[in-house]
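Line by line, the protein sequences give chains F and D. Take the first sequence: its position 218, counted from the start at 1, is 218 in our numbering, and no numbers get skipped. Numbering-wise, our numbering comes out as the position in the second sequence, counting from 1, plus 285.
Just so you know, these hints were derived from the structure itself, not from any lab. Heads up, a few of these hints could be off.
Stated by the list, open to error - In the BS3-like style, the derived pairs of lysine-lysine whose C-alpha atoms are separated by at most 27 Å in a straight line are:
{"#": "1", "chain 1": "F", "residue 1": "Lys233", "chain 2": "F", "residue 2": "Lys195"}
{"#": "2", "chain 1": "D", "residue 1": "Lys306", "chain 2": "F", "residue 2": "Lys249"}
{"#": "3", "chain 1": "F", "residue 1": "Lys244", "chain 2": "F", "residue 2": "Lys195"}
{"#": "4", "chain 1": "D", "residue 1": "Lys324", "chain 2": "D", "residue 2": "Lys374"}
{"#": "5", "chain 1": "F", "residue 1": "Lys158", "chain 2": "D", "residue 2": "Lys299"}
{"#": "6", "chain 1": "D", "residue 1": "Lys299", "chain 2": "D", "residue 2": "Lys367"}
{"#": "7", "chain 1": "F", "residue 1": "Lys244", "chain 2": "F", "residue 2": "Lys3"}
{"#": "8", "chain 1": "D", "residue 1": "Lys299", "chain 2": "F", "residue 2": "Lys233"}
{"#": "9", "chain 1": "D", "residue 1": "Lys341", "chain 2": "D", "residue 2": "Lys299"}
{"#": "10", "chain 1": "F", "residue 1": "Lys158", "chain 2": "F", "residue 2": "Lys195"}
{"#": "11", "chain 1": "D", "residue 1": "Lys306", "chain 2": "D", "residue 2": "Lys377"}
{"#": "12", "chain 1": "F", "residue 1": "Lys249", "chain 2": "D", "residue 2": "Lys299"}
{"#": "13", "chain 1": "F", "residue 1": "Lys233", "chain 2": "D", "residue 2": "Lys306"}
{"#": "14", "chain 1": "F", "residue 1": "Lys244", "chain 2": "D", "residue 2": "Lys299"}
{"#": "15", "chain 1": "F", "residue 1": "Lys178", "chain 2": "F", "residue 2": "Lys3"}
As the list claims (entries may be wrong) - Only part of the chain D face toward chain F is listed, based on derived beta-carbon distances under 10 Å:
{"#": "16", "residue": "Arg290"}
{"#": "17", "residue": "Leu292"}
{"#": "18", "residue": "Thr297"}
What the hints assert, rightly or not - Derived contacts from chain D toward chain F, CB cut-off under 8 Å, selection only:
{"#": "19", "residue": "Lys288"}
{"#": "20", "residue": "Phe291"}
{"#": "21", "residue": "Pro296"}
{"#": "22", "residue": "Ser316"}
{"#": "23", "residue": "Thr317"}
{"#": "24", "residue": "Gly353"}
{"#": "25", "residue": "Gly354"}
{"#": "26", "residue": "Glu355"}
Beta carbons are placed, not taken as given, at the ideal position from N, Cα and C, and that holds for glycine.
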Amino acid sequence: MAKEMIMAGCAAAAHAAKFARVEVISSYPIRPYTGIMMELSKLVANGELDAEFIHGEGEHAQVSIAYGASACGARAYTGSSGVGVTYAFETFSPASGGRYPIQMAIADRALDPPGDFGSEHTDVMSARDQGWIMGWAETPQEIFDNTIIYYRIGEDPKVMLPQFSCQDGYFVSHIPDKVIFPEQSQVDEFLPPYKSPHPLDPTRPTSHGPQIFPDQGPAIDLQRAQAMLNTPKVIETAIADYNKIFGRKPAEGASHAQYAEGDRDGHRGLQQDLRPQLQPVPRGV
Amino acid sequence: MVKLRFLRPFPTEKVAETLSKFKAVGCVETSTSYGAAMKGGNLIHEVRSALYDEPKRPAITSFMAGLGGEVVTFDEFYNMAKVLAKAAKTGKVDQYVYWMNFDNEV
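Chain D with its partners taken away, still in its complex shape:
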């Protein structure tokens, strides 16, 4: 789990340095941007942009979890981990966004 201490200013270089070590990254989203480029939350746009110039980019997806203030359960985190483990193996993501408890895989 990587924790974002500031959203503004966004720590672009540190995010790139930290997350480029991974094969797959999932952004746990806490808000939505309806109709946005990545079709889900806000964080994934910033994370993908921060990693764009890295020679080795991880596969990146996002998880809509706990919207409305619902408690995010351990089971949901396990399911996120499963999606990421698969993405780490195949090197790609099937979806840019997973709505926890609503999408088939999660």
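The shape of chain F in the complex, shown without the other chains:
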């Protein structure tokens, strides 16, 4: 039976990673995303999740660990916030260029300045052009769902791209709300184990991230661009399957619209409040 829980976005992301049966987790602390790793470290320590939990010496190492794990064929999970995201920046293009479908959880935090620890999307928006799938959750339930759905999208053979699964720091990451835990069998049906097409294996040597000549570059870039072009159809199918397997209703569908990412759309009270002025709310574009 599905279980109703109350938890904030960080714990929701961690439990979703557990349901997704992640095999390698790489952590490094920075608030507000740290709550995800705190929860996951408990799940690993008490035997609820069978995964390698590796503490990196910084965010660059963190993503590199996930990259290496994915190259070996593991489902890898990492994450960061704010300046931690920018410290890892150099690793982002190799991860998408090498087509490693790792997932990096982001709980947004403003870059410095203003250095106020507030939630602002400047951290991961700086990595917008690095070939990663990215999107924002509005509630703990959505970050739970997205964590699982993103792996399915990223690991699709037509896609094979890493994903930033983002939630606003504090407003989503630290405010508890209702989260429905599905059955593990439902998640397993939706998200089969990751099968890397060319895993690093001493018995079957393959090259990953080789040095190439300039005239070999455009073909690799074109493939990565094509992968992103293939993604919208894969997203549609994945979300339709998710709604079917998990019994979710599709998102609901004025003279003017306000258009936003993440929690900026989370003012459900406001939507009620503005109803006399605004027409019904199209959602989930």
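Take the given structure of chain F and dock chain D to it, following the hints.
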């Protein structure tokens, strides 16, 4: 309120289909691109591009709100709605970007 579920890949066709029904659109921006074409955030560039080939394009502006993690208040959303209501009437925007609580009108 229209919610963007993915920023990458950007759902160009769906954004065009959804937002072309409106007379005015305001992008609530969550980050800046200093010195960019539309002088404010990042979303407005993608939204304007997605709507470029539509026969009927809405007036489009953007609102810098909640930067630094400040809470975006109901009052700010009302003020955005006022700017958009005016743009819907006149069919044009006076500015590409409004910094909430700093620009005169908002």
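Quiz prompt | Restraint status (C-alpha distance of D:Lys341 to D:Lys299 at most 27 Å) | solution = Given pair D:Lys341, D:Lys299 holds - Cα atoms ~15 Å apart, limit 27 Å.
Exercise. Below or equal to 27 Å on CA atoms is what counts here, so check F:Lys178 against F:Lys3.
Key: It holds: about 10 Å lies between the C-alpha atoms, which stays within 27 Å.
Quiz item: Per the CB criterion, is D:Phe291 less than 8 Å away from chain F?
Solution: holds, 4 Å
Quiz item: Do the numbers back the hint for D:Thr297, that is, is its least Cβ distance to chain F under 10 Å?
Solution: Interface hint status for D:Thr297: holds (9 Å vs cutoff 10 Å).
Quiz prompt | 27 Å Cα cutoff - pair F:Lys244, F:Lys195 | solution = At roughly 24 Å apart (the allowed maximum being 27 Å), F:Lys195 and F:Lys244 satisfy the hint.
Practice problem: Could you check if D:Thr317 really has its C-beta closer than 8 Å to a C-beta on chain F? | Solution: holds, 7 Å
Quiz prompt | Hint validity - D:Glu355 Cβ closer than 8 Å to any chain F Cβ | solution = OK, holds: D:Glu355 within 8 Å of chain F, min 6 Å.
Quiz prompt | chain F contact restraint for D:Lys288 - C-beta distance below 8 Å | solution = holds, 4 Å
Quiz item: When you check the alpha-carbon spacing of F:Lys233 and F:Lys195, does it fall within 27 Å?
Solution: holds, 21 Å
Quiz item: If you draw a straight line from the CA of F:Lys233 to the CA of D:Lys306, is it 27 Å or shorter?
Solution: Roughly 23 Å between the alpha carbons, so the hint for F:Lys233 and D:Lys306 holds.
Exercise. Below or equal to 27 Å on CA atoms is what counts here, so check F:Lys158 against D:Lys299.
Key: holds, 21 Å
Quiz item: Given D:Arg290 as an interface hint, is the shortest Cβ-Cβ distance to chain F below 10 Å?
Solution: Holds, about 5 Å.
The structure agrees with every numbered hint stated previously.
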